[in-house]
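Student: Just so you know, the sequence shown maps onto residues 1 to 234 in my numbering.
Don't read these hints as lab results, they were simulated from the structure.
Predicted model, so just to flag it, every value in this text is computed and none were measured.
There's no promise every hint is true.
As a list, the in silico DSS-like pairs of lysine-lysine whose alpha-carbon atoms are at most 30 Å apart [stated by the list, open to error]:
1. K212 <-> K181
2. K230 <-> K181
3. K230 <-> K140
4. K187 <-> K230
Label-pair ranges, simulated between beta-carbon atoms [claimed, not checked]:
5. R40 <-> E5: 19 to 25 Å
6. E144 <-> R40: 30 to 36 Å
7. D111 <-> R201: 43 to 49 Å
8. K140 <-> E56: 46 to 52 Å
9. T11 <-> D138: 41 to 47 Å
Even for Gly, the Cβ is constructed at its ideal location relative to N, Cα and C.
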Amino acid sequence: MSTIEALQQQTDSAGILEIMYDAIEDYGFERFIISGLPDRGVDVRPFVLLSGWNDEWYERYTSLGYVHLDPVARNCFSTTLPFDWSDAPFDREADLPARRVMDEARDFGMDEGFCVPIHMEGGMQGVVSLVGDTSELDDKSRLELHMLALYAHGQLRFLNTRRTDLAPRRAITSREGEVLKWVAAGKTASEIAAITGLSQRTVNQHCENAQKRLGTNNRVHTVVEAIRHKLIAL
């Protein structure tokens, strides 16, 4: 059974916690957090979906409002792409609060990591942040972690809300599903065009249409949501 299939079968966060620990360990990561990101000044704790952080650091980070000072969390609002913690921009000399957060995190053994920003419907912002060395991650591993993060976040939101409006607003078409399956297989638009006999422009249009239907912000997220809602199967 794949990790995605295992996540899909979980009915509580405890099961997802165990699966995530096992999954990220294969990539060299030790801890993680899955959360929404609140507006400035708002307590982050109600937004946390699942924490695999050190308890002491979690309590300090959340109680002191570090999410609003953390350059990694702040960078999630500026990009849709996953990034290494070290790539989150901030001025160590001028931004003393951000430096304090990063220095304290290092004291807890959390000096390196990989972050997946998640942009949701209605302008809501989420994040999956993994703790560990990223120096050996290749492009394939980064894509796999991106999909894992998006799926785990989506499944947790579903379990925590149980709201019917989390379902897609409408089903995707069979052609959109076909294109998304090839996207999931790692094919580019030009490769999908050659395989399906469609033009590259039409392939891109199908991807954009599916993205609009599912309320996602990029193709990887679209594939993950299509799988999660059982609109496509790999």
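Student: Confirm or reject the claim that K140 and E56 have a C-beta distance inside 46 to 52 Å.
Tutor: Violated, since K140 and E56 (Cβ atoms, about 35 Å apart) do not stay within the stated range.
Student: Within 30 Å, alpha carbon to alpha carbon, are K230 and K140?
Tutor: Between K230 and K140 the Cα gap is close to 24 Å, so the pair holds against 30 Å.
Student: Hey, K187 versus K230, does the alpha-carbon distance stay inside 30 Å?
Tutor: holds (21 Å)
Student: CB of E144 to CB of R40, is that within 30 to 36 Å?
Tutor: holds (33 Å)
Student: Is 19 to 25 Å right for how far apart the beta carbons of R40 and E5 are?
Tutor: 38 Å Cβ-Cβ, so the 19 to 25 Å window is violated.
Student: Under the criterion that the straight-line Cα-Cα distance not exceed 30 Å, is the pair K212, K181 satisfied?
Tutor: holds (17 Å)
Student: The hint says 41 to 47 Å between T11 and D138; measuring C-beta to C-beta, is that right?
Tutor: violated (34 Å)
Student: Given the hint that K230 pairs with K181, test it: the Cα-Cα distance must not exceed 30 Å.
Tutor: holds (12 Å)
Student: Go ahead and decide if the range 43 to 49 Å is satisfied by the Cβ distance of D111 to R201.
Tutor: holds (45 Å)
Hints 5, 8 and 9 from the list above are not met by this structure, while the remaining hints are.
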